[in-house]
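So the chains spell out like this:
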Amino acid sequence: MMLIPCPECGPRDENEFSYGGQAHVPYPPDGGATASDEEWAEYVFYRDSPKGLMAERWVHSAGCRRWFNAVRDTVSYRFEAVYRPGEPRPHVQGAR
Amino acid sequence: MTSRAARSVNAPAPPGAALPDHPEFLWRNPDPRKHYSIVIVGGGGHGLATAHYLARRGVTDVAVLERGWMAGGNMARNTTIIRSNYLWDASAGIYEHALKLWEGLAEDLDYPILFSQRGVLNLDHTLQDVRDSRRRVEANRLNGVDADWVDAAGAKELCPVLNVSDDIRYPVLGGTYQPRAGIAKHDYVAWGFARSADAAGIDLIQNCEVTGIDIAGGTVTGVQTSRGPITADRVALIGAGHTPVLAEMAGFRVPVTSHPLQALVSELLEPVHPTVVMSNAVHVYVSQAHKGELVMGAGIDPYVGYGQRGAFHVIERQMSAAVELFPIFARAHVLRTWGGTVDTTPDASPVVGTTPVENLFLNCGWGTGGFKATPGIGHVMAELLETGKVPDLAADFGLDRFTSGRLVDEHGAAAVAH
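Those protein sequences? They're chains S and D, same order as listed.
Sequential numbering of the first sequence, starting at 1, is according to this note's numbering.
Sequential numbering of the second sequence, starting at 1001, is according to this note's numbering.
Same shape as in the complex, but just chain S (with noise of 0.2 Å):
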């Protein structure tokens, strides 16, 4: 069971959260108006599964249900920091 530092709440148990997959992946160009069927499947299907640091978003759904990204370890699932949306993904030691 994780410990998720939610950046409103503080600490609190990982049943409380919902897990939203990769943090940044960024829309198609032109909102899609001209993209091709392969920056489409790179935009629908393609998420990175790093072994190691990984920017993620989570809702704390059963407290303050707000949104907010994570930087996590995928092997430890230490919780290296959390940021609020719209923020900048924080420098953590060792990420790529």
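If you're looking for bench data, these hints aren't it; they were derived computationally from the structure.
Here the structure is a predicted model, which is why all the values come from computation and not from measurement.
Quick reminder that beta carbons are idealized off the backbone N, C-alpha and C, glycines included.
Take these hints with a grain of salt, some might be off.
[Stated by the list, open to error] Here are the simulated distance ranges between beta carbons:
| no. | chain 1 | residue 1 | chain 2 | residue 2 | range |
| --- | --- | --- | --- | --- | --- |
| 1 | S | Thr34 | D | Asp1409 | 25 to 33 Å |
| 2 | S | Pro90 | D | Gly1218 | 34 to 42 Å |
| 3 | D | Gln1224 | S | Asp37 | 30 to 38 Å |
| 4 | D | Ser1404 | S | Ser18 | 30 to 38 Å |
| 5 | S | Asp37 | D | Ala1395 | 18 to 26 Å |
| 6 | D | Gly1104 | S | Ala35 | 43 to 51 Å |
| 7 | S | Asp13 | D | Gln1224 | 41 to 49 Å |
| 8 | D | Thr1060 | S | Pro88 | 53 to 61 Å |
| 9 | D | Pro1229 | S | Ser18 | 40 to 48 Å |
| 10 | S | Tyr43 | D | Ala1200 | 44 to 52 Å |
| 11 | D | Ala1216 | S | Pro88 | 32 to 40 Å |
| 12 | D | Ile1168 | S | Gly20 | 27 to 35 Å |
| 13 | S | Asp37 | D | Asn1029 | 44 to 52 Å |
| 14 | D | Pro1160 | S | Glu87 | 51 to 59 Å |
[Claimed, not checked] Simulated coverage check for chain D against chain S, where a stretch passes if three residues somewhere in it have a Cβ under 8 Å from a Cβ of chain S:
| no. | stretch |
| --- | --- |
| 15 | 1238-1246 |
| 16 | 1280-1291 |
| 17 | 1391-1404 |
For chain S, the structure is supplied; the task is to place chain D on it using the hints.
Just chain D, lined up with the frame of chain S:
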């Protein structure tokens, strides 16, 4: 195989009496050579099955590289369920091919795998479940897959400990039943494939982690490993949970994310559960192992994770579903829980075939259900690796489907969330 010493017919059989003795030494432990015609990255069930069927085709200049020990990943962690009752033609093709091979596998390997065709029951809890199930039964029959729909009483007959009363939160309205489905003993399956491949001269190399993939002019030339470089004419990535990591080494992306998948077993119990029962809606699948443990699994933990463990609340939900469906289980103790790393795709179907790199092939994305495909996909991958041409049974599972939009959407038949 030797059998256990004969015991008095009147003596009670101890748990596990039906199991064969543990085998003696089954394969060599060679050092890697400098070059192989074919290198298989990943010594799990799929990698070992591929090696076995390559040997059957007379191709033995082959190495299987495994970073840990043979079949120590998901092959050692799965819930051993085998079935072929998928919706789409492409899935029915590969899974039914596998099921037919399962039916003759002990003879082919000359090794016991304890394949028990006790049937699989997939429960319906809503009217829409019933409609979807009946549709799948008809699709199965059109594809030559055995399938029936049974009502709640029929389900109760197949599994007497199932709670079919109508006053539970998600009452059982019926389910699909595939009589030829069942379970096999996963470690014996792995050992049988490994023994066969080794006997044919294929090198099974353990403690050999692939750290890089060598590519020249868009063609794969070999791999870098923790035991030195190895050149190869063809390379297959069959690393299950670690495929995103391997693909990145080769410079391309796969639409695959790796997640924890947990399972558990109870203490040993008297035989109470004669078939396999799965429920998408309340999210549990249960069988009783040969020795007597209740084996249960659920869906994946939602986040990306390589830690081979997940969260306890996922197990808690799975257990609450199990206890509602099988009230008798409330008195059973959990003996052990564990987690594996499964590689999931957006359409709950595998990715098999060629890659953007010439002579580099891929088999991944089986999500929560790769074990059942083991002989089938091994057979197909062997043909792919020998000929370089994608066999018909794998044609619909290429990477290109995510660009063409021709998905094989099996979420409804994959049985669990993934």
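Tested hints:
no.: 1; hint: S:Thr34 to D:Asp1409: 25 to 33 Å; in the structure: holds (27 Å)
no.: 2; hint: S:Pro90 to D:Gly1218: 34 to 42 Å; in the structure: holds (38 Å)
no.: 3; hint: D:Gln1224 to S:Asp37: 30 to 38 Å; in the structure: holds (34 Å)
no.: 4; hint: D:Ser1404 to S:Ser18: 30 to 38 Å; in the structure: holds (31 Å)
no.: 5; hint: S:Asp37 to D:Ala1395: 18 to 26 Å; in the structure: holds (19 Å)
no.: 6; hint: D:Gly1104 to S:Ala35: 43 to 51 Å; in the structure: holds (49 Å)
no.: 7; hint: S:Asp13 to D:Gln1224: 41 to 49 Å; in the structure: holds (42 Å)
no.: 8; hint: D:Thr1060 to S:Pro88: 53 to 61 Å; in the structure: holds (55 Å)
no.: 9; hint: D:Pro1229 to S:Ser18: 40 to 48 Å; in the structure: holds (45 Å)
no.: 10; hint: S:Tyr43 to D:Ala1200: 44 to 52 Å; in the structure: holds (46 Å)
no.: 11; hint: D:Ala1216 to S:Pro88: 32 to 40 Å; in the structure: holds (39 Å)
no.: 12; hint: D:Ile1168 to S:Gly20: 27 to 35 Å; in the structure: holds (32 Å)
no.: 13; hint: S:Asp37 to D:Asn1029: 44 to 52 Å; in the structure: holds (47 Å)
no.: 14; hint: D:Pro1160 to S:Glu87: 51 to 59 Å; in the structure: holds (57 Å)
no.: 15; hint: 1238-1246; in the structure: holds (count 3)
no.: 16; hint: 1280-1291; in the structure: violated (count 0)
no.: 17; hint: 1391-1404; in the structure: holds (count 3)
Going through the hint list in order, the structure does not satisfy hint 16, though it satisfies all others.
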